[in-house]
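S.K.: Chain by chain, the residues run as shown.
Number of protein chains: 2
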Amino acid sequence: VSSGDTHRAVLKPVSFLRQVLAVCVYPELLEDKSLPLDVKIRAQKLLEACDGGSVGSYTASSGLSHVRQSIAEFITKRDGIPSFAENIFICAGSQRIAVKLLASGEGTTRTGVLIPAPCPHTLYPLLDEADVVLVPYQLMEEKGWAVELDKLHQALQANRRNCEPRAIYISNPGNPTGHVQDRKSIEEVIQFAAAERLILLVDEVYQDSVYGKDREFISYKKVLFEMDKEYAETVELVSFHSLSSACVGECGMRAGYMEVVNMDPEVMYYFDNTLCGDISTPVTGQLALDLMVIPPQPGDPSYDTYIQVRKQQKPAVTLFTLATLSHNAKRVQEFLNKLPGVSCQPAMGGIYLFPRLHLPCGIKEQAKVGNVPKIMKPYELCTAFCIVSKKVTLVLLSHRLCILVPSDTLDEVLARLSSFHCRLLGGTVTPRDA
Amino acid sequence: VSSGDTHRAVLKPVSFLRQVLAVCVYPELLEDKSLPLDVKIRAQKLLEACDGGSVGSYTASSGLSHVRQSIAEFITKRDGIPSFAENIFICAGSQRIAVKLLASGEGTTRTGVLIPAPCPHTLYPLLDEADVVLVPYQLMEEKGWAVELDKLHQALQANRRNCEPRAIYISNPGNPTGHVQDRKSIEEVIQFAAAERLILLVDEVYQDSVYGKDREFISYKKVLFEMDKEYAETVELVSFHSLSSACVGECGMRAGYMEVVNMDPEVMYYFDNTLCGDISTPVTGQLALDLMVIPPQPGDPSYDTYIQVRKQQKPAVTLFTLATLSHNAKRVQEFLNKLPGVSCQPAMGGIYLFPRLHLPCGIKEQAKVGNVPKIMKPYELCTAFCIVSKKVTLVLLSHRLCILVPSDTLDEVLARLSSFHCRLLGGTVTPRDA
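Same order as they appear, the protein sequences are chains R and S.
In terms of our numbering, the first sequence has 1034 at position 20, counting the first letter as 1, and numbering is strictly consecutive.
In terms of our numbering, the second sequence has 1183 at position 169, counting the first letter as 1, and numbering is strictly consecutive.
Pulled out of the complex, with its shape left as it was, chain R reads as follows (with noise of 0.2 Å):
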C-alpha cells in the first residue's frame, strides 16, 4: 500500500496506452478487427518512430526523437511556454543521472543539495550514491507542509561551511507531504535560487494529481519564464516527470524525462555526453510516454473509453481517478485526525498523506531497550507506517502513507490501523471512526 504502485493496488492500467503498446511489441495486431482504429493508427506512427520499426531495436541515449519532440509539444501546451526537443532528455532514473553531475568536490568542497524534510524517499539513496552533501530544508507543517522562505536561508547558512550547495531540490506536488505550492511560493524558491546561485531540480511527477479546493499545478518553467528576464533568462532549471506517476502509473515500464533549461552549455554537453555513456530506456517505456502526454483526442474513437476513467465522478472500486484520490485524501485525514495521538494536515495533492505520531514516553523507552521493533513490525505491515525517532522532541514521525488504492482496500487498511494502534497503545483508547 505504501509503493505508489497503481497496478500492484489491483488499480487498472489505461487501456488505450496498453492497446497501442501490444500493437507495437507485436505489429501483426494491426490486422485485429477488434481494436479501435486510433489504436492502430497511433501503433502505426510509433512503430515508424522506431529504428527499423521495430520496439527492439536500440534508440539514441537521449530517447526517440519523435517522442522527445511530443513531450517538448506537451509542455508547451499545458505552460502556454514553447518547449524544445533538444531540451527534452528521456531516461529511466533521470533524477539519479542529473544529481551526478551535479557531483563533484571533496571534504567542505563537495556538493551540496537542499532537500525538503520530509522527503520522497527515494532521494536519500539516490543522492547518498552521487556522493553530495544533503542540505535538509524544514517544511513548515503546521502550514500543510509549505516551503518557507525562511528555513530555506537557515538551511544554507547552517551548512554553507560544510559544502558548496549548488542546487536545491523541490518536489512539487509533494511526496510525501500533498501540498501543492501557488505561484507566489514558487516565485519566492525562484528568487531564492537566483540569489544564491543555485540549479532548481524540481519533482514535478505528480502534476496530474492535483485535487485541493482552488489549487492548481502550476510548473516552475511556466512561473520561471512568466518573470522578469533576470530570473526567466538566467535560473537554471531541470523538471522531472515520469510514467511511474499517479495517473499513468506505469511503474514497470521504467520511463520518465527531464526538461532542462537555462543550463549553461558547457554542462549540456555533458547532459547529452553523460546521458550518451549510458544505456538507453527501454522502448516500449518511451513510447508509453508518448502515449501519456499525448492522450486520446475528443472525436477518437478510444477518447469515451479514456475521459470516462480520468473524469469519473464517483469513487470507483476499480478504477483510479482524481474524484477517488480527493476523496480517500479527504477520508483518511479525518480519520487519522480522530486517532488518539494522532495528526495529519490535509492534501491538496500527490498521492500521500503524512501523519505525525505523539506516542507516549513508554513506547519511547521500549524502543530504547529495544522492544519496539517488535511492536512496530506488524504496525509496518497492516499500515506502512513506519516509526522514525526525533532528535528534538518526544515526537515520533510516521512514515507516508498511500492513499492510491480502491475504497474497499482503503476501508481493511484504516480497519487494521485502528485497531493496531489502539492495542499499542493498551487498548484503553477507542478510535472515534472504524
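Everything labelled a hint here was simulated from the structure, so no lab data went into it.
In this text the structure is predicted, and so the values were computed from the model without any measurement.
Hints may be right or wrong, so weigh each one.
Repeated chains share a single entry, so a pair holds when one copy, or any two copies, can fit it.
To be verified - In silico DSBU-like cross-links for lysine-lysine, where the CA-CA straight-line distance does not exceed 35 Å: (1) 1059 / 1047; (2) 1026 / 1352; (3) 1026 / 1047; (4) 1227 / 1059; (5) 1054 / 1091; (6) 1227 / 1047; (7) 1344 / 1054; (8) 1026 / 1059; (9) 1026 / 1054.
Start from chain R and add chain S according to the hints.
M.R.: Leaving out everything else, chain S in the frame of chain R:
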C-alpha cells in the same frame, strides 16, 4: 550495420516472444482467437508472476523470482551443473554494476581489470566510468584471436605496480574477434585467475551464435565446475548474458542477467544491495528473458514456426539464422582477404569480424597533418570501418564489421566498401571480388 542491432538490420523478431509480450501488455488478448494456445498459456503464467498481475508494477530490484528461476533452470540444462535462482541477478547494464562493485582504491591501489585487446567497444566507456585501471592483454591475431597465457602474464607483470589487479574480463564468443575458446583454453584462463586471485568477468552474450566447424559453446561455469575442487569451489565467476544478443536480439527491451558463483558472501551482500539501490529492470524485458531461456518446446503449437526460424538451413533474406551468420562470416572474410592491404581471420562465433588494414605510408602521413579524418568519414559511413593508429607499427587496425545483416544488405555494403577502399588507395588496384 555496425551496432549488432538485429531489428535495425531489418531482421524479423521471434514471433512467439512478441506474441506473448503483447498479451502480457494487453491481457484482453487472452480472448483473441488468432493467437496460439501456448502463447496464451505462457502469457497467463508470466502475468501471474508479476505483482498485481501487471507489467505495470515494480519488481524486486534483482528481478522477478519466477524469471530468475527460469534462468537458473536454463543454465542447469545447458551445463548439466546446478544453477540457483539466488545467484541470478536480472538487470540492464549488469556489466556496469559488476565492475562498479569491484572499483576501489586510489593511485597505485586502484582496482585493475585485465581486458582483451581488441575488446567490445562498449567496454571502454563502462570501465572508464567505474574509474578502474585498464590492463590490456593482447589476443593472438595469427591464431584467430585466441587467448594466450603468456600474454596474460605479460600484461599482469607490466601493470602490477600501477594498480591492484582484481579481475579479468573475457569475451567468449569473442566480440569483436569471432573467436570461440575451447575447453583447454578456458581451463588455462581459470587456472591463471585462480593463481592470481582474479575474479572472472565473462561476457557470454553470443553463446547462441557459434557456427565454427567443430566448435561449440562451453560456458566458463561448466568448465570451472568440472575442474578440481581447488578451482571449482573457489574461483569467483560472474557470467553475463543479454536479451540484446544475436538470436533474440531484443536490444530495445533493455534486459540481461548475470550469474554469480563462488563469490565472497560479503561481496554477494553488496551485489544484492547495490542492485536494490538501483532501479529495477523493465518488466517486459524481464519477461522476454524468460521467453529467451525457455522457448517453445516440441509439441507446442508455436514450436514448428519457432524452430523453422532458428534452424533454417538456407540463408534467408529477412530471417536471421545461424546458417546466415555462418554464411556471411565466410563470405565477408574471403572478400576482405582479397582486398589489397586487408587481412581478416576467420570467425567461429558471434556477429563480428575484425579485419586488419595495412594502409600505405602516404595515408599515415596525411593522418598526421589532419587530412585523414575527412577521408575516413565516408569510409566509416559506408562500411562501419574505423581506423585507429597503432603505436608500434605502421599498420593501422580497423574496427569491427558486423555480419548480422540480410544477404542483400551485405551485397551493398561489400560493393561500397570495395569501391571506397580502392578510391582511398588511389584507384590503382581493383578488387578481385565485388
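S.K.: Take the hints in turn and mark each one as holding or not.
M.R.: To see whether the hints hold, each was checked on the structure:
1. 1059 / 1047: both (18 Å within a copy, 26 Å between copies)
2. 1026 / 1352: This pair counts as within: shortest intra-copy Cα distance 32 Å, inter-copy 61 Å.
3. 1026 / 1047: both (23 Å within a copy, 23 Å between copies)
4. 1227 / 1059: neither (39 Å within a copy, 44 Å between copies)
5. 1054 / 1091: within (25 Å within a copy, 41 Å between copies)
6. 1227 / 1047: neither (44 Å within a copy, 48 Å between copies)
7. 1344 / 1054: neither (40 Å within a copy, 42 Å between copies)
8. 1026 / 1059: Answer is both; intra-copy 25 Å and inter-copy 19 Å each pass.
9. 1026 / 1054: both (21 Å within a copy, 20 Å between copies)
Hint check: violations occur at hints 4, 6 and 7; the rest are consistent with the structure.
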